[in-house]
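Participant: The residues making up each chain are set out below.
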Amino acid sequence: MKSLLQLNQIYKVFNEGTPDEKIAIDHLNLCLKSGDFVTVIGSNGAGKSTLMNIISGKMTPDIGTVEIDGRDVTGMKEHRRSKLIGRVFQDPMAGTAPSMTIEENLAIAYARTQTRGLTFGVSRKRREFFKEKLEMLHLGLENRLEAKVGLLSGGERQALSLLMATFTEPKILLLDEHTAALDPSRAELISELTKEIVKEFKLTTLMVTHNMQQALDLGNKLIMMDKGQIIFHADESEKPLLTVEKLLLEFQRIRGEKMSSDRAVLI
Amino acid sequence: MFTAIFGSVEAGVIYALMALGVYLSFRILDFPDLTVDGSFVTGASVAAILIVGGTNPIVATLAAVIAGFLAGCVTGLLHTKGKINPLLSGILMMIALYSINLRIMGKSNVPLLQEETIMTKITNLWQGLKLDEMAGTLLSSVGLANFVPKTWGILFIMTLLALLIKGMIDWFLKTDIGLAIRATGDNETMIRSFSADTDLLKVLGLGISNGLVALSGALIAQYNGFSDVGMGIGMIIIGLASVIIGEAVFGAKTIIRATLAVIGGAILYRIIITLALRVEFLETGDMKLITAFIVVSALVIPRLFDQQKERQKKKNRLLASKKIQIPANEKSGEKLAPVKSNI
Numbered sequence: 001m002k003s004l005l006q007l008n009q010i011y012k013v014f015n016e017g018t019p020d021e022k023i024a025i026d027h028l029n030l031c032l033k034s035g036d037f038v039t040v041i042g043s044n045g046a047g048k049s050t051l052m053n054i055i056s057g058k059m060t061p062d063i064g065t066v067e068i069d070g071r072d073v074t075g076m077k078e079h080r081r082s083k084l085i086g087r088v089f090q091d092p093m094a095g096t097a098p099s100m101t102i103e104e105n106l107a108i109a110y111a112r113t114q115t116r117g118l119t120f121g122v123s124r125k126r127r128e129f130f131k132e133k134l135e136m137l138h139l140g141l142e143n144r145l146e147a148k149v150g151l152l153s154g155g156e157r158q159a160l161s162l163l164m165a166t167f168t169e170p171k172i173l174l175l176d177e178h179t180a181a182l183d184p185s186r187a188e189l190i191s192e193l194t195k196e197i198v199k200e201f202k203l204t205t206l207m208v209t210h211n212m213q214q215a216l217d218l219g220n221k222l223i224m225m226d227k228g229q230i231i232f233h234a235d236e237s238e239k240p241l242l243t244v245e246k247l248l249l250e251f252q253r254i255r256g257e258k259m260s261s262d263r264a265v266l267i
Numbered sequence: 268m269f270t271a272i273f274g275s276v277e278a279g280v281i282y283a284l285m286a287l288g289v290y291l292s293f294r295i296l297d298f299p300d301l302t303v304d305g306s307f308v309t310g311a312s313v314a315a316i317l318i319v320g321g322t323n324p325i326v327a328t329l330a331a332v333i334a335g336f337l338a339g340c341v342t343g344l345l346h347t348k349g350k351i352n353p354l355l356s357g358i359l360m361m362i363a364l365y366s367i368n369l370r371i372m373g374k375s376n377v378p379l380l381q382e383e384t385i386m387t388k389i390t391n392l393w394q395g396l397k398l399d400e401m402a403g404t405l406l407s408s409v410g411l412a413n414f415v416p417k418t419w420g421i422l423f424i425m426t427l428l429a430l431l432i433k434g435m436i437d438w439f440l441k442t443d444i445g446l447a448i449r450a451t452g453d454n455e456t457m458i459r460s461f462s463a464d465t466d467l468l469k470v471l472g473l474g475i476s477n478g479l480v481a482l483s484g485a486l487i488a489q490y491n492g493f494s495d496v497g498m499g500i501g502m503i504i505i506g507l508a509s510v511i512i513g514e515a516v517f518g519a520k521t522i523i524r525a526t527l528a529v530i531g532g533a534i535l536y537r538i539i540i541t542l543a544l545r546v547e548f549l550e551t552g553d554m555k556l557i558t559a560f561i562v563v564s565a566l567v568i569p570r571l572f573d574q575q576k577e578r579q580k581k582k583n584r585l586l587a588s589k590k591i592q593i594p595a596n597e598k599s600g601e602k603l604a605p606v607k608s609n610i
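Protein chains in written order, with the working numbering: chain A, 1 to 267; chain B, 268 to 610.
Next comes chain A alone, as it looks inside the complex (with noise of 0.2 Å):
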């Protein structure tokens, strides 16, 4: 199997060189392969959200190179990048154009991976398409096609956003805590979509969650990440015996250690 995604020795510092230097990603290999769905854990500052940055390309490593399908994609802008990457984010506003209807914002993620011209963005051939699509939903969006997303609930909105991130197929589908902003029976919903969406496409998927037991019940392989680096792997063989009480043994566990050698580096 070709790897997907690779990352190969990622660094990232910030405010270099002050008092508040942070080393946020810190030689950090990582290998997608393809059709993988890999959840990505770690408290808060662990450098999580800087990695996503950095693949989706908002953020440039300092060293490192990024490849998508075995091109090195470091230096390629944000929106060029994202003709290959579908990106969900965590709040659930962000992922649609609020004062545009359901129609036009999926005419908008369907042009992805197009060049964009002057055809008209809701054709009726599209039209029917997108009405395809939605019912994977069953939320009764393909007969509210012409109404305006603002109007939409946060779980709503945040269901359309996970469509248009995957209608597309993109090589790699980035989650970035997209169900942390929803309550818990909203959240549980767009878990089971987003199984049953990557199972659908065959998306090779990264999922950064704070909830272990979602990390645990999504994707094929789990990371854990702390101060820039991944400090646990889990690969296929290894999940499914998982559980939380092991991740949170696992961490302490690693931490732990961390913390004695550098207690016997003071003394």
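Among the clues, some could well be false.
Said to hold, decoys possible - With a Cα cut of at most 25 Å, we get these calculated DMTMM-like pairs of lysine to aspartate or glutamate: (1) A/Lys83 x B/Glu455; (2) B/Lys520 x A/Glu146; (3) A/Lys58 x B/Asp437; (4) B/Lys350 x A/Glu78; (5) A/Lys58 x A/Asp91; (6) B/Lys433 x A/Glu146; (7) A/Lys202 x A/Glu135; (8) A/Lys148 x B/Glu383; (9) B/Lys441 x A/Glu146; (10) A/Lys77 x B/Glu455; (11) B/Lys441 x A/Glu128; (12) A/Lys58 x B/Asp297; (13) B/Lys441 x A/Glu132; (14) A/Lys33 x A/Asp226; (15) A/Lys148 x B/Glu455; (16) A/Lys58 x B/Asp573; (17) B/Lys441 x A/Glu142; (18) A/Lys148 x B/Glu382; (19) A/Lys125 x B/Asp297; (20) A/Lys148 x B/Asp573; (21) A/Lys171 x B/Glu455; (22) A/Lys171 x B/Asp464.
Claimed, not checked - To be clear about the criterion: a stretch of chain A counts as covered by chain B if any three or more of its residues have a C-beta under 8 Å from a C-beta of chain B, and this derived list gives those stretches: (23) 87 to 101; (24) 116 to 122.
Just so you know, the hints here were simulated from the structure itself, not pulled from any lab data. Here the structure is a predicted model, which means the values were calculated and not measured. The beta carbon of each residue, even a glycine, is placed where N, CA and C say it ideally should be.
Put chain B on the given structure of chain A with help from the hints.
Facilitator: For chain B alone, coordinates are given in the frame of chain A:
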């Protein structure tokens, strides 16, 4: 009186093109673009100087549109590539254009009264068709002989032009590029994650917006018979006034309706100004003050209406809840609870 109103409708339709430009930048791109004050005059001066030089007025007007488009693009570049705040990039461009406009004209005022312009062409064409006489006799026959304007041609052709451009804007904003421009003004993070170059879209949007403003300027210069370096002062506020009045009076639910509302707003604005200037103690110099007053009222009055409505609703609800208080004990709470979908 009628002639004055007729004149203001005529001018209103031409200014409507400028207002459509302001609508594009202000509402669609969410970019308060002050370039307008400068690019309006740029359009007027380019057209005027070419017409004086003997160029065909239609070609001269097209050249004005291109000049305005370029001016808008520069503002866009200042903002996107120079990372200058939107208001400031507009102001910078407006100031720079003042000098450029003086350079284009070579002096502060170019008269066009002796030249052949689009307006004289229309008047001549219309006289050839003898439609004015028909309209004149029609009005006279119903006893409105005093209300016969010089020509209907300018109003007719300009209305047609405004509607044509409105149609083109409606169409453009539904194309893939147009949708991306609208999304840029609506949610920039989102559109960037769907592979759109927001910098390019902003530059393009501002270019089109100022192209329309320059078109309006070029036509106003030919309509008034001169181009003057000061004719653009306060133009952005007039544009905003037209957009805001239009939206308040005619509504802006869809793009098609909003663009029509903007044209209506521009005409309405002219009529209000004309009527206001007929009040004894108001002078021509008070026009800007009146404009500011109109904009403030168009912004505040609809809010007051909404508040009033809200208060009325509350009152009604209070009354209604008092009425059903007695049967409310019998599980009517379930019925009253708003229906929720599962998401």
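Participant: Looking back at the hints listed earlier, which ones does the structure fail to meet?
Facilitator: Those not satisfied are hints 3, 8, 16, 18, 19.
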